[in-house]
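Undergrad: Chains A and B supply the protein sequences, listed in that same order. Heads up: the first sequence at position 362 corresponds to 362 in this note's numbering, and the numbers run straight through without jumps. Heads up: the second sequence at position 276 corresponds to 738 in this note's numbering, and the numbers run straight through without jumps.
Think of the hints as simulated: they come from the structure by calculation, not from any bench.
From the derived model, a few chain B residues whose C-beta atoms are all more than 12 angstroms from chain A:
| id | residue |
| --- | --- |
| 1 | S490 |
| 2 | L519 |
| 3 | K539 |
| 4 | E544 |
| 5 | L562 |
| 6 | A575 |
| 7 | W594 |
| 8 | T646 |
| 9 | L717 |
| 10 | S884 |
| 11 | L920 |
Just the calculated beta-carbon pair ranges, DEER-fashion:
| id | chain 1 | residue 1 | chain 2 | residue 2 | range |
| --- | --- | --- | --- | --- | --- |
| 12 | A | A113 | B | I891 | 33 to 39 angstroms |
| 13 | A | F403 | B | V874 | 39 to 45 angstroms |
| 14 | A | K434 | B | G640 | 38 to 44 angstroms |
| 15 | A | M405 | B | L890 | 47 to 53 angstroms |
| 16 | A | R68 | B | I891 | 45 to 51 angstroms |
| 17 | B | L890 | A | H202 | 36 to 42 angstroms |
| 18 | A | A38 | B | P905 | 38 to 44 angstroms |
| 19 | B | S878 | A | F403 | 50 to 56 angstroms |
| 20 | B | Y902 | A | R68 | 31 to 37 angstroms |
| 21 | B | R493 | A | H202 | 58 to 64 angstroms |
Note that the Cβ used here is the ideal one computed from N, Cα and C, for glycine as well.
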Amino acid sequence: MTVESVLYILGVVVVASPTILLSSLGLPLLMGLHLSEATQSKLTKGAVVAGFLASVCILGVMLVSGLRHVPIEFGNWVSLSQEHFHFHLKFVFDRLSVPFVILTFVLCGTVGAFASVYLHRDRGYRRFFLLYALFLLGMVVSSLAGTIETLFFGWELVGLSSALLVAYFHERPAPVRNGLRVWATYRIADAAFLIAALAMHHLTGAGDFDGLMGSGPWPYGEAAIGSTSALVVGLLLLLAAAGKSGMVPFSGWIPRAMEGPTPSSAVFYGALSVHLGVFLLLRVSPLLDVSIPLRIAVVMLGITSAVFGAIASRAQCDVKNALAFASLTQVGIITVEIGLGLRYVALIHMIGHACLRTLQLLRAPSVLKDYRMLENAVGMHLSGDTVDKSVSISPSRIWLYRFAMERGFLDALLNRWIAHPFTSLFRFCDSMEKRWTDLLSGGDSHGADRLAPYGDSLEDVE
Amino acid sequence: MSEFHLPWLSLAMAMPLFGAIAVSVMRSRDRAWKVSVATCGVTLLFACGEWADFALLHSFQAHDRWDLFRLFNLNEKFVVDELSAPLLPLGALLYFATVLTTLRTKINRFSFALTLFSEAVLLATLACREPWIIILLLIVGVIPPWIELRKRRQSTRVYVFHMSLFVGLLVVGQCLVGPEASVTDPPVLAGCLLTAGALIRSGIFPLHCWMSDLFDKATFGTALLFVTPMAGAYAIIRLVFPIAPSWALQSIAILSLVTAVYAAGMALVQKESRRFFCYVFLSHSSLILVGLEMATPIGLTGALCVWLSVGISQLGFGLALRSVEARTGRLSLDGFHGLYEHTPFLANMFLLTGLASIGFPGTIGFIGTELLVEGAVDVYPMIGFAVVMATALNGIAVVKAYFHVFTGTRHVATASLVCRPSERVTILIMVVLIIGGGVYPQPGVISRYHAATSLIKLRGAESVTPHQEQNLGSEK
Chain A
1 MTVESVLYIL
11 GVVVVASPTI
21 LLSSLGLPLL
31 MGLHLSEATQ
41 SKLTKGAVVA
51 GFLASVCILG
61 VMLVSGLRHV
71 PIEFGNWVSL
81 SQEHFHFHLK
91 FVFDRLSVPF
101 VILTFVLCGT
111 VGAFASVYLH
121 RDRGYRRFFL
131 LYALFLLGMV
141 VSSLAGTIET
151 LFFGWELVGL
161 SSALLVAYFH
171 ERPAPVRNGL
181 RVWATYRIAD
191 AAFLIAALAM
201 HHLTGAGDFD
211 GLMGSGPWPY
221 GEAAIGSTSA
231 LVVGLLLLLA
241 AAGKSGMVPF
251 SGWIPRAMEG
261 PTPSSAVFYG
271 ALSVHLGVFL
281 LLRVSPLLDV
291 SIPLRIAVVM
301 LGITSAVFGA
311 IASRAQCDVK
321 NALAFASLTQ
331 VGIITVEIGL
341 GLRYVALIHM
351 IGHACLRTLQ
361 LLRAPSVLKD
371 YRMLENAVGM
381 HLSGDTVDKS
391 VSISPSRIWL
401 YRFAMERGFL
411 DALLNRWIAH
421 PFTSLFRFCD
431 SMEKRWTDLL
441 SGGDSHGADR
451 LAPYGDSLED
461 VE
Chain B
463 MSEFHLPWLS
473 LAMAMPLFGA
483 IAVSVMRSRD
493 RAWKVSVATC
503 GVTLLFACGE
513 WADFALLHSF
523 QAHDRWDLFR
533 LFNLNEKFVV
543 DELSAPLLPL
553 GALLYFATVL
563 TTLRTKINRF
573 SFALTLFSEA
583 VLLATLACRE
593 PWIIILLLIV
603 GVIPPWIELR
613 KRRQSTRVYV
623 FHMSLFVGLL
633 VVGQCLVGPE
643 ASVTDPPVLA
653 GCLLTAGALI
663 RSGIFPLHCW
673 MSDLFDKATF
683 GTALLFVTPM
693 AGAYAIIRLV
703 FPIAPSWALQ
713 SIAILSLVTA
723 VYAAGMALVQ
733 KESRRFFCYV
743 FLSHSSLILV
753 GLEMATPIGL
763 TGALCVWLSV
773 GISQLGFGLA
783 LRSVEARTGR
793 LSLDGFHGLY
803 EHTPFLANMF
813 LLTGLASIGF
823 PGTIGFIGTE
833 LLVEGAVDVY
843 PMIGFAVVMA
853 TALNGIAVVK
863 AYFHVFTGTR
873 HVATASLVCR
883 PSERVTILIM
893 VVLIIGGGVY
903 PQPGVISRYH
913 AATSLIKLRG
923 AESVTPHQEQ
933 NLGSEK
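Turn these sequences into a full structure, and let the hints guide you.
TA: Encoded structure:
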């Protein structure tokens with residue numbers, strides 16, 4: 001058996017394990033069959049361990065054989081050769097994707113084990129693990145994607161599962177509203193990503209990263225497009241990354257995402273999901289070498305996000321939100337590192353931060369409980385909650401505190417300048433349409449507006 | 463011309479006609495429902511038989527061997543080709559699924575006889591290639607919803623105004639089309655009138671209000687069955703596409719695009735579930751028109767793929783909403799209803815079909831949407847970007863509606879709201895089609911590509927390269 005065939009088999013296992021997990025959890029749900037918690041937990045454990053071991057083996061083989069770029073071809077998913085349209089399924093194991101996919105399996109495995117206890121007998125146990133499988137598949141596909149379309153595929157799966165997990169406690173309106181907010185932000189990021197992918201296709205004739213970033217292994221590829229094109233595509237990808245990683249001005253979704261259960265908050269928003277945007281920037285980092293303005297834009301966005309995250313995290317009054325903004329600070333710094341061309345530093349920083357943040361978020365609920373137990377045992381507050389009234393606070397500090405407390409007013413600004421004008425315009429159109437149909441009907445044309453659900457009668461319109 | 467091994471077309475059209483006659487004399491509504499389900503099921507089998515037979519023939523077009531039409535010298539008029547071969551089973555599936563999921567709470571108000579009659583008319587339309595007969599069938603097709611509106615004592619003025627305009631424009635336009643009309647010698651005025659008529663039937667902005675009015679006033683099933691087969695798009699393909707020059711079609715595409723974006727925006731602000739569905743559907747059907755009007759092989763292939771995927775997914779989406787409504791009455795999207803725990807099956811179907819319609823990865827619409835956007839960008843880059851924006855807005859609207867209907871609160875029900883076996887069967891069929899088409903899209907895409915290149919050949923073949931023709935011929 002050759003090294004190539006071993007790598008191919010291992011690569012298939014890495015991609016197939018989350019796919020099989022998703023199928024084995026999803027199909028019984030659709031058929032109306034109920035798997036027990038233990039079965040779901042075992043399936044999850046098996047899939048994550050198989051994927052993890054296979055990816056570690058790939059790393060071992062790569063280190064032993066000296067290979068730095070291992071493409072695994074699955075052929076064309078769809079092909080119209082006459083039109084030169086191919087949807088190529090290709091996964092790449094290199095110095096960027098292998099650490100990230102191993103990180104994905106480690107953190108998802110940890111959180112899966114934690115969640116099987118944390119959510120024991122919870123009504124949404126099955127739903128959680130189904131969405132977890134969807135997320136895992138999305139992360140694995142995104143990490144290993146060898147073409148921009150494949151990356152988009154995984155990117156969308158991560159987005160959907162994240163939004164639905166934010167709304168996990170769906171019997172309350174607040175998580176649902178937050179889930180919708182996350183989804184709306186992601187859709188804007190997805191649209192930017194798709195437009196960038198189309199632009200790349202047109203500029204290079206293919207969605208393959210090799211064609212786009214040159215043939216050298218990451219991070220030594222050279223972008224095959226001009227500086228102006230790189231700037232346009234790069235800015236679109238920067239917008240997509242900013243949405244996905246919750247950078248300024250989209251940072252509002254990160255604290256909102258903490259509405260989900262602790263395990264999902266830990267792995268999705270504190271560790272993995274929030275890094276997917278910067279992972280994208282790392283993947284297309286050769287573009288930055290071509291365009292200095294793009295590089296400046298990346299650095300500026302990173303600095304802004306880092307400073308904003310640092311300010312906002314200091315005023316948050318609950319631990320999850322404080323950790324969320326602390327994550328943002330680190331993501332901002334990682335972005336600056338990418339902008340400065342320190343790619344390995346950024347990759348190591350990302351892995352270290354993801355592990356640390358997962359530990360913090362998983363530990364946060366129990367550490368508070370332990371702290372209270374200790375206080376109860378001692379019989380007094382350990383921190384000594386005293387306020388020194390003699391210290392005068394300047395108006396600028398009060399303003400800064402308010403700015404941090406209100407998370408930079410960014411959500412309010414986005415609502416006021418983007419969401420509100422948009423919805424107002426269409427509500428106006430809706431009212432105009434009503435007038436028009438009223439005129440044609442010669443009376444009230446929107447009879448259904450008066451009908452209330454759950455009435456005694458199931459008849460809709462009489 | 464190739465002939466089928468069995469008279470699939472005649473049987474598929476005759477079956478619902480006989481069913482309609484039988485049902486119209488039945489007094490028991492329960493029995494009428496059962497007969498309708500059986501009729502639609504058998505019709506679906508015949509339509510599927512037609513598709514399978516056509517695929518086995520490896521032909522560009524085929525007609526019935528022992529058809530009834532020969533008696534009236536119509537056998538050359540009712541022909542199945544690459545375009546219509548899968549549309550017939552899709553149309554039959556729409557009717558079968560709708561009738562099957564009609565619950566007892568609705569059978570007293572849903573007209574099975576008119577529905578079966580409409581099915582026969584639709585299948586005849588989709589199998590027809592003769593312009594005047596298509597126009598006649600399209601005119602007949604608008605009558606059943608009008609009868610229902612009258613029976614329900616609803617105002618028909620909005621519907622009648624738009625449908626009269628649609629009929630008038632089609633008839634005048636077709637009268638002006640000369641026998642020598644072609645892409646190289648286009649009858650511009652006739653083309654404009656025909657296009658305007660077909661676009662009104664498709665619900666083009668600003669003449670789309672009849673669609674929301676119909677959803678407001680007719681039963682959900684009737685409205686769903688009137689719009690989801692996308693007869694307007696079929697009229698454009700058969701009546702306008704062969705005679706309109708590319709520049710004209712691509713200009714019209716901009717109108718369709720405006721409708722797609724506008725309807726997506728309107729879907730986001732709707733507070734009533736049926737009108738929300740109407741705008742989501744309108745946005746998607748307009749996106750199909752955008753692709754059809756690109757008149758390039760890739761854009762057209764994308765549009766034809768999306769036609770099938772939107773047909774299936776929007777049907778499932780509409781049926782999920784209809785099933786929820788059958789249990790609760792009309793739903794407002796202003797507040798939350800929290801129905802997930804009572805109807806998880808319907809909730810999952812709602813989300814899956816909604817996501818499939820926006821071309822979510824892994825579902826049947828994904829590749830079609832990619833092709834559509836790719837084709838649109840080839841012609842006008844800005845159009846491609848606007849298509850992306852429309853799908854993004856639709857995605858937000860779909861998930862918003864899902865959250866409002868199924869989550870946000872805890873609903874206390876006094877009666878069981880669980881899925882009936884008939885609904886469960888329909889859901890599973892939809893899931894198989896949506897996921898199956900998403901996981902293994904190649905055959906569907908190739909079939910639609912053949913249909914696209916055949917259509918372009920009809921236009922004078924200037925868009926099809928000799929290489930493509932050669933490939934097409936060899937694959938046949």
